[in-house]
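Novice: Residue-level listing of the chains:
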Amino acid sequence: MLQVSHLTRTFTSGTEEVQAVNDMDFSVERGEFVSIIGKSGSGKSTLLSMLGALDKPTGGTIKVDGEDIASMSDAKLIRYRCHKIGFVFQSYNLIPNLTAIENVMLPMEFAGRDKEAREKRATELLEQVGIEPDQMERKPGKLSGGQQQRVSIARALANKPSVILADEPTGNLDEQTGKMVFDLLHTLAKQEKTTIIVVTHDLDIAGKTDRTFRLNDGKIREVKK
Amino acid sequence: MQPPSGGMPGGPSAGDGQITRTFTPPITLIGTNNPEKSMSSDGESGKITSGELFANDSNALVAVVGQSLAEKNNLSVDDTFTAYDQKIKVVGIYDTGTDFGNNQALMPLSTVQRLSDQEGDITSIVLTINSADNLASVSESASTIVGENGDVTDSASQVASAIAPLENIQTISLYSLVGATVAGAIIILLTMVMIVRERRREIGVIKAIGGSNIVVMGQFVVEAVTLTLLGTLAGIVVGIAAASPITSTLVSSSSSAETSQAGPTGGPGNMMRDGPSERFGQANRALTQSISNIQTNVGWEILLWGMGMTLVIATAGSALASILISKVRPAEVMRAE
Ligand SMILES: Nc1ncnc2c1ncn2[C@@H]1O[C@H](COP(=O)(O)OP(=O)(O)OP(=O)(O)O)[C@@H](O)[C@H]1O
Ligand SMILES: [Mg+2]
Chain F
0 MLQVSHLTRT
10 FTSGTEEVQA
20 VNDMDFSVER
30 GEFVSIIGKS
40 GSGKSTLLSM
50 LGALDKPTGG
60 TIKVDGEDIA
70 SMSDAKLIRY
80 RCHKIGFVFQ
90 SYNLIPNLTA
100 IENVMLPMEF
110 AGRDKEAREK
120 RATELLEQVG
130 IEPDQMERKP
140 GKLSGGQQQR
150 VSIARALANK
160 PSVILADEPT
170 GNLDEQTGKM
180 VFDLLHTLAK
190 QEKTTIIVVT
200 HDLDIAGKTD
210 RTFRLNDGKI
220 REVKK
Chain U
0 MQPPSGGMPG
10 GPSAGDGQIT
20 RTFTPPITLI
30 GTNNPEKSMS
40 SDGESGKITS
50 GELFANDSNA
60 LVAVVGQSLA
70 EKNNLSVDDT
80 FTAYDQKIKV
90 VGIYDTGTDF
100 GNNQALMPLS
110 TVQRLSDQEG
120 DITSIVLTIN
130 SADNLASVSE
140 SASTIVGENG
150 DVTDSASQVA
160 SAIAPLENIQ
170 TISLYSLVGA
180 TVAGAIIILL
190 TMVMIVRERR
200 REIGVIKAIG
210 GSNIVVMGQF
220 VVEAVTLTLL
230 GTLAGIVVGI
240 AAASPITSTL
250 VSSSSSAETS
260 QAGPTGGPGN
270 MMRDGPSERF
280 GQANRALTQS
290 ISNIQTNVGW
300 EILLWGMGMT
310 LVIATAGSAL
320 ASILISKVRP
330 AEVMRAE
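If you read the protein sequences in the order shown, they are chains F and U. Numbering of the first sequence is given in numbering that gives the first Met the number 0, commencing with residue 0 and proceeding in unit increments. Numbering of the second sequence is given in numbering that gives the first Met the number 0, commencing with residue 0 and proceeding in unit increments.
Keep in mind that the hints are not guaranteed to be accurate.
[As the list claims (entries may be wrong)] Take a look, some chain U residues computed to stay more than 12 Å from chain F by CB distance:
#	residue
1	Glu201
2	Val214
3	Val220
[What the hints assert, rightly or not] Keeping only pairs whose Cα atoms sit at most 30 Å apart, straight-line, the calculated DSBU-like set for lysine-lysine is:
#	chain 1	residue 1	chain 2	residue 2
4	F	Lys218	F	Lys55
5	U	Lys71	F	Lys159
6	F	Lys138	U	Lys326
7	F	Lys119	F	Lys55
[Said to hold, decoys possible] Chain F stretches covered by chain U per the calculated footprint, using a threshold of three residues with CB under 8 Å from any CB of chain U:
#	segment
8	9-19
9	49-58
10	195-203
Just so you know, these hints were derived from the structure itself, not from any lab. Beta carbons are placed, not taken as given, at the ideal position from N, Cα and C, and that holds for glycine.
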């Protein structure tokens, strides 16, 4: 369902050109759980931004369900992000002045769902990720890192996306909490048949995924088990 | 009668006999059909200290005498003195607060005209005009009526100088208003820049999870408009509360400067006449008084102008915010804080 070919992203800062992603080819099947590893600066975040339509490639194509997002209009990209993609970030990125449940309801509001449906689905999702009812009414500042990351997983799942893109989702958490969050991501994705692409430094975590890719200087290579 | 400053006895009353001066200041005797006005000098309204004024249309042999003149000549109410070979009865003593004013005597106009064989003649007519706006037209009509028989002078320059402080204040206010508006606009715009900067990540996140620019802008436009409206409201409240004290301060400072220029210039020697400069001083004083009593109102035009500017500033603030928002790249949220 995801086909990447000749994908390139070049940054020009001043006179220097950086090939953050350099002529990449790979594909991912529906419902697959894929991990991406690679040392710092190898282009992992850049690749994920382009898969999530946060950034535009300088070359190549990204076909999602047969449609090339590299050549989509801005309005279409917003809809693509809203309906097809769920993001989980290393630094959670919840909206600070909204409560946990409001944060989960926000993407559904952008998708145009009515308030009742939003509330119902948000409550269900938050229960699934193990957030207590009283924590649902709290703002992110009053939740622990692990709790915030669970809320952000619930937010990523809100619009039943076809792909969840997670950039080091356990990077800010201790090992135990990280494992818990990772397992949660895993089970929920399997339940909802969601494709997951997760960037991680944790080789244990990478070992548990269906497939692993290693990035090196903007080039991608699958790691055979 | 003897002038208070000493010198030659001017009348039959006994002097001290020691004549050392060759110069005798004359006593000013005014024939008037408005003693109330005539005993005022230089804006100081005279007060009757004993006795009373004669009637405006009196033609009796009576006089009211200035305090200094009365003291020097030992005159009190019901005493008499001689003028034009007639015994004139003192019916009142007055005090104007100035030596010059107190060195005069007032008699009914028709009495003086009769005694001095100037039946029907008058030296001056004072016209009091209800509004400074009518000054020019009244002056013109007066000239037409008087024709060749006299001159008409008006206190136009006094009016102009009395109004000048008001115009100054208007200019100051206008500049302040423009200055405040510009400052307000800059503050609002800078605030918008700061708000957008501070919430850059939040904007990026909203875009990343499927919010359009318009969704984010909507939020910021609401904030810009609320901010500006609150500012305007506070401005109007403070403005209305502060307008009066500020105006009085401005008026008193700038009009005191004006009046000190228009000091009394009338000297003694104008028998039976009000010195014109004295009259002008009076007019000027009256005008300045009415300026110090000025009422400050916040006009509707100003309020509307303020509202209009509010709208412009809010729109500019929103537009600026929108531009900044659309420049936020959602890919930035991938970067750790
Ligand atoms: N906006 C940008 N402008 C210029 N260069 C950039 C920009 N974003 C990324 N880069 C460069 O692209 C390269 C890849 O960056 P990227 O963030 O994708 O690395 P990463 O693999 O995610 O690293 P990390 O593991 O540290 O997060 C780096 O050399 C980086 O400096
Ligand atoms: Mg990264």
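Novice: Against each hint, give a clear statement of whether it holds in the structure.
Specialist: Now the hints, each set against the structure:
Non-interface call for Glu201(U) relative to chain F: violated, since the shortest CB-CB distance, roughly 6 Å, does not exceed 12 Å. A beta-carbon of chain F comes within 12 Å of the beta-carbon of Val214(U); the shortest separation is about 7 Å. Every C-beta of chain F lies more than 12 Å from that of Val220(U), the closest at about 17 Å, which supports listing it as non-interface. Between the alpha carbons of Lys218(F) and Lys55(F) the distance comes to roughly 18 Å, so the proposed pair stays at or under 30 Å and holds.
Distance restraint check for Lys71(U) and Lys159(F): the Cα-Cα separation of roughly 112 Å exceeds the 30 Å cut-off, and the hinted pair is therefore not satisfied. At most 30 Å may separate the alpha-carbon atoms for a hinted pair to count; Lys138(F) and Lys326(U) meet this at roughly 28 Å. This hinted pair does not check out: Lys119(F) and Lys55(F) have alpha carbons roughly 35 Å apart, beyond 30 Å. Counting residues of the segment 9-19 of chain F whose CB lies closer than 8 Å to any CB of chain U gives 0, which falls below the minimum of 3, so the coverage claim is violated.
Coverage of the segment 49-58 of chain F by chain U holds. Counting CB-CB distances below 8 Å, 3 residues qualify, and the rule asks for three or more. Against chain U, the segment 195-203 of chain F contributes 0 residues with a C-beta closer than 8 Å to a partner C-beta. That does not satisfy the three-residue criterion, and the hint is violated.
When each numbered hint is compared with the structure, violations occur for hints 1, 2, 5, 7, 8 and 10.
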